[in-house]
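Chains A and B, in that order, give the protein sequences. To convert, note that position 186 of the first sequence is 186 in full-length UniProt numbering; the numbers rise steadily by one, no gaps. To convert, note that position 230 of the second sequence is 230 in full-length UniProt numbering; the numbers rise steadily by one, no gaps.
In case anyone wonders, no lab produced these hints; they're calculated from the structure. Check each hint, because a few of them may be wrong.
Said to hold, decoys possible - Stretches of chain B that chain A covers, calculated by requiring three or more beta carbons in the stretch to come under 8 Å of a beta carbon on chain A:
1. 98-105
2. 272-278
Said to hold, decoys possible - Label-pair ranges, simulated between beta-carbon atoms:
3. B:187 with A:70: 51 to 61 Å
4. B:17 with A:179: 24 to 34 Å
5. B:122 with A:175: 48 to 58 Å
Glycine included, each C-beta is placed from N, C-alpha and C at the ideal position.
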Amino acid sequence: MTSRFLSAFVLSIVMLFLIGPFLIIVAASLSAGDNLAFPPQGLSFKWVLKVFEIESFRASFAMSMMLAILGTLAALAIGIPVSYALARYKMPFGETVRTIVSAPIIVPGIIVGLALLRYLVIPLGFNISFALFMAHTALVLPYAVRVVSASMVNLRGDIEEAAVLLGCSRLGAFSRVVMPSIRGGILAAFILGFVTSFNQVPVSLFLSGPGVRTLPIDMLAYLETTYDPSVAALSALLAFMSIGIVFLAERFLGFSRYV
Amino acid sequence: MSDASFLSLERLTLAYGDTIAVKDLDLGIKRGELVALLGPSGCGKTTTMRSIAGLLQPKSGAIRLDGADITRVPANKRAVGLVFQSYALFPHLSVFENVAFGLRLKKVPKHELESRVESGLKSVGLSKFAARKPAELSGGQQQRVALARSMVMEPKVLLLDEPLSNLDARLRLEMRTELQRVQKESGITMIFVTHDQVEALALADRIVVMRDGLIEQIGTPEDIYNRPTSSFVADFVGFENVFALEDGQLKTPRGPISLSSPAPAAVAGLAWRPNTVKLDQGPYSGTVLGTSFAGRTREYLLDTPLGPIKAEIDASVPGHAPGTTLSFDLPVQDAAPLARFA
């Protein structure tokens, strides 16, 4: 009886910490007052509507979207062959490759951002947008490799050989037999990568320059000058977008099998 | 091209890195023949099969098929089919699409493709399952899909890797009959790999026994079963009592022991099946260590100066209790003469 009570208690605390902030933000965004505050003063949708009128949010949203999509696609373009090679061949430095690929998860993002700024952007005069793209690709790569690798575990080498004996080339066997079998894993990796990239702050912090900002950085900057509930409203909108994506992914793909 | 060499392996040496798996193998297979490669794991039988399929490049030697040298022909252009031990069906495709896979790659016209896939599925009794996914089929059904998938390609040679080992006893018998029927109906040349002598004896026209990358003996099932030429083959097909000969005498752990009658000339060893050992008569004696009833017969394990001896006699003969001392004979005329020992 005591242990049941205790586990229910722990579970409620966990739920409170996970869902609480989200509820506070949603409530704050519906405030009628002029300051970001909780509990909200009055009730209105004016801040939610205002989000769509702020010019810089539109630009940085587009930037974040582009980074998340292109960065994740690039990470998959590298990650799928890497996962395949790691799963299929016994390579002399397989474990080392796996570790190096995971480095951006292990190394704090703030260091990755600083390193890219100090050694690529400043000395080589890299275009900021391009540096951001590279940074996001690197950040998403570990997720791509991990999730795609997981979906390759059950993939046996002999189905490729079977395809070859039926007339496929090696590359043909990969695209006709391997790719369709790991489709779910690739989509799951894309979603996970997209969300990770979109919400990324520390790396982007260093690499944002004049006119080039990702949405989370832009929100931070906005808060520094204007302390109104529009940031809360935007956060709530983004949270709903993420929940929507994950919900659809779970519904149609069984997303949780892959992550 | 002589009839004996529709498929021929000539001084074939196969290796994984520096490890030689098969050495200087020579083998000729007739058109329409059903051949078993038989041997324990690690004997090189699967390696040989993979090289015929083109999945493994030989280190040296040549493979000829239907008059053409295919040694350097890539696997996807060889017209050789392979039914994998794990079946290797494409999990994302339906049964129909699995069987149609190769025909689609060959760009076979739609109506021809459909009729070939349908007759392929019909020949293995799976017409009703065309729309299913492989995961919705039993192991035996999956294997028949794999068989149909290879057969519709009309390969010159069909290879089968341990075709019966993943099936339960009842399905095994069913599949054995099925394979024989399909082979006789299509007249296709088949080679299958197995470690199970019963399977090889029951299915094959001819058996190639392999050991440590070399051919130990080639022969009909009767040859292999009744006339093994080496101690290894004798042991493998159930001659439980195998002895080397030294100066016309049996070589035993306790020194040479005379035979009950003179041994044939130029023979390295003799082997007896348990049922050719004569009990209750003869020059040797042993103590019963254990006995077991096997329906029609009774099996004995004897402790003798020659080492342990296995004997099997009609169950109607009254049994002997463990500890009893029995006389027995190893009749030379009933022994299989072995040309090679060890």
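Now the hints, each set against the structure:
With a cut-off of 8 Å between beta carbons, the region 98-105 of chain B has 3 residues touching chain A; three or more are needed, and the interface restraint holds. Using a Cβ-Cβ cut-off of 8 Å, 0 residues of the region 272-278 of chain B lie near chain A, which falls short of the minimum of three, so the contact claim is violated. For the hinted restraint 51 to 61 Å between residue 187 (chain B) and residue 70 (chain A), the CB-CB distance of approximately 57 Å keeps it satisfied. The beta-carbon spacing between residue 17 (chain B) and residue 179 (chain A), approximately 30 Å, falls within the hinted interval of 24 to 34 Å.
Between residue 122 (chain B) and residue 175 (chain A) the Cβ separation comes to about 31 Å, which falls outside the hinted range of 48 to 58 Å.
When each numbered hint is compared with the structure, violations occur for hints 2, 5.
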